[in-house]
Amino acid sequence: MGRPTFYRQRIRTEAASVEAKTLLAFLTSEIRARREISLEEAEMVARDTLDFIEGHLLSRGLGQIELPAIAGRSSFMRRGRSGQPEKLVTITVFSDDDAELMADFGVAVMVLGRMARAIEEAWQQDALLDEKRLCLLWPLSHKGIRERLSRLWDQGCLLPLAGMSRKMRDRLTTPRAVVAVDRYLRGDDPATIRRELAVSRHLFNRWYLGFQYAVALSDRPADEIAQAIDEPPEVVAGWLGLWARYRDSKDGARERVPRKGVLPPPKAPPGQEREAFLALLRQRHGYSPASSERFCQEVTDLAYRISRRHRASGQVVYFGVSSAEPPGKSLRDCTLREVILDYVTPEDWALVNRESPQALKWARLERLATSAYAQGVALSLADLGFLLGLSTDAVADCMKEHPKVVLPIRGRVADMGPTLSHAEKIIRLYMDGYTETDIVRRTGHSYESIERYLIDFARVTYCLDLGMPVPAVRMAVGRSRRLVEKYAALYREFTATDDYIFRMARIRRMAEAHPPEKKGAPKEEIQ
1 MGRPTFYRQR IRTEAASVEA KTLLAFLTSE IRARREISLE EAEMVARDTL
51 DFIEGHLLSR GLGQIELPAI AGRSSFMRRG RSGQPEKLVT ITVFSDDDAE
101 LMADFGVAVM VLGRMARAIE EAWQQDALLD EKRLCLLWPL SHKGIRERLS
151 RLWDQGCLLP LAGMSRKMRD RLTTPRAVVA VDRYLRGDDP ATIRRELAVS
201 RHLFNRWYLG FQYAVALSDR PADEIAQAID EPPEVVAGWL GLWARYRDSK
251 DGARERVPRK GVLPPPKAPP GQEREAFLAL LRQRHGYSPA SSERFCQEVT
301 DLAYRISRRH RASGQVVYFG VSSAEPPGKS LRDCTLREVI LDYVTPEDWA
351 LVNRESPQAL KWARLERLAT SAYAQGVALS LADLGFLLGL STDAVADCMK
401 EHPKVVLPIR GRVADMGPTL SHAEKIIRLY MDGYTETDIV RRTGHSYESI
451 ERYLIDFARV TYCLDLGMPV PAVRMAVGRS RRLVEKYAAL YREFTATDDY
501 IFRMARIRRM AEAHPPEKKG APKEEIQ
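Residues 1 to 527 (the numbering used here) make up the sequence shown, in order.
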């Protein structure tokens, strides 16, 4: 039966919210705004641009960290970390394609794709991961990790972990890229292949194009082809084996086997990557020499802005909505800021528990939310779920287990959620006589956000003093009805007794200095 329709729609909505904050989406929107081209063409330009940025302008991708893995592909012996030879490898904990995979097949498939990618990346760097390191990267129990990976192991996918038995390792012989192309040539539906192998559309298309490249260069040695098309030698050797098996096939595979491969574009010589990118813009995408130069310079400036701050080995870069943005504003109109987040810290190793991931889950959740807010960004539940590889329900349940800690998530900071908001807490502290400095120290909010909450409350007070009904107040102050009703309840509470006369007088003077401006009705939209 699968998930109910409303659940699938919610997943797609959350994935769209995350996808809109990716660097790929930003590049696509900027390109479409400058050139009158279709969305598909803009995405193609953005893909090439993103490859140029992450391949040549940034030392690491936005979602990449450096992790100490077990050195050597043959280091399968089960032993403690102190007795393991280690080497630092680059692991992608999240990528722009992950949001697409989540929208298509859900969070579980997305996390499976992340784990498979991490194991493959370590393997390609002559290293191995083990279950403890996977538990460190994604807060799951070892049982949950094995249950997920077994879906790929059962297909023979080459995803080895340290500590595996020889019998188990002997079953894992074929890279995922080869399994995917093999199934496609045999006639399997691409959507089924992608779901069962946890592969995004972009990655699947890249693998099939790589297979075509390998076919075109099949007269060369596998190692030489691998270097020419930037694919692992094991993958290229597997593709060449598929070509030898299916090229003369007379069954259903015949329709999908390329008769003649596509030649790959020439690789840029070292030091000439910029010139190669300019040529790509002119030849493949029709840019003029002047516009390609300008666009390349803007891309270089963007990469410098992202990389100007030093990133530690366990840190990632993420784009989120500015904490100063009010509710009811379309996401495409919100100000996005990049923040550097500690995805893995030395303290996380001690929190890894093979049986229960709760301690690590909460520590990372709290760290990501508070660190982003300190940098001026309020992460939403969808953002946190995407970063941690959890559903929004799991994130909300984790927060409920710590009711005394109020995390500065988007819904609370902008008063978009049903829970006790920061705004109400700040207003009560102010009405009880605390100074703004005291409130900053007690809540962790900035002076600017505290002032915004107080001004909003003052404007509602101004309207209620005039006898305006709640719907009219909502229109006048440009805030949601739920927030206005909450402020109206506080207004009635504070005017029902003489204890708050002095503070209410200050609130009214604040309203006179900042009278409400009529705004359009806010739209309800996930941020």
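Where hints are given, some of them may not hold.
As the list claims (entries may be wrong) - With a cut-off of at most 30 angstroms between alpha-carbon atoms, the simulated DSSO-like pairs for lysine-lysine come out as follows:
hint, residue 1, residue 2
1, Lys132, Lys400
2, Lys143, Lys400
3, Lys87, Lys143
4, Lys267, Lys143
5, Lys87, Lys167
6, Lys87, Lys132
7, Lys267, Lys400
8, Lys143, Lys132
9, Lys425, Lys400
10, Lys143, Lys167
11, Lys132, Lys167
12, Lys486, Lys425
13, Lys404, Lys425
14, Lys267, Lys87
Think of the hints as simulated: they come from the structure by calculation, not from any bench.
(request) Determine which of the earlier numbered hints do not hold for this structure and return their numbers in increasing order. (result) As far as the earlier hints go, 4 and 7 are violated by this structure, in ascending order.
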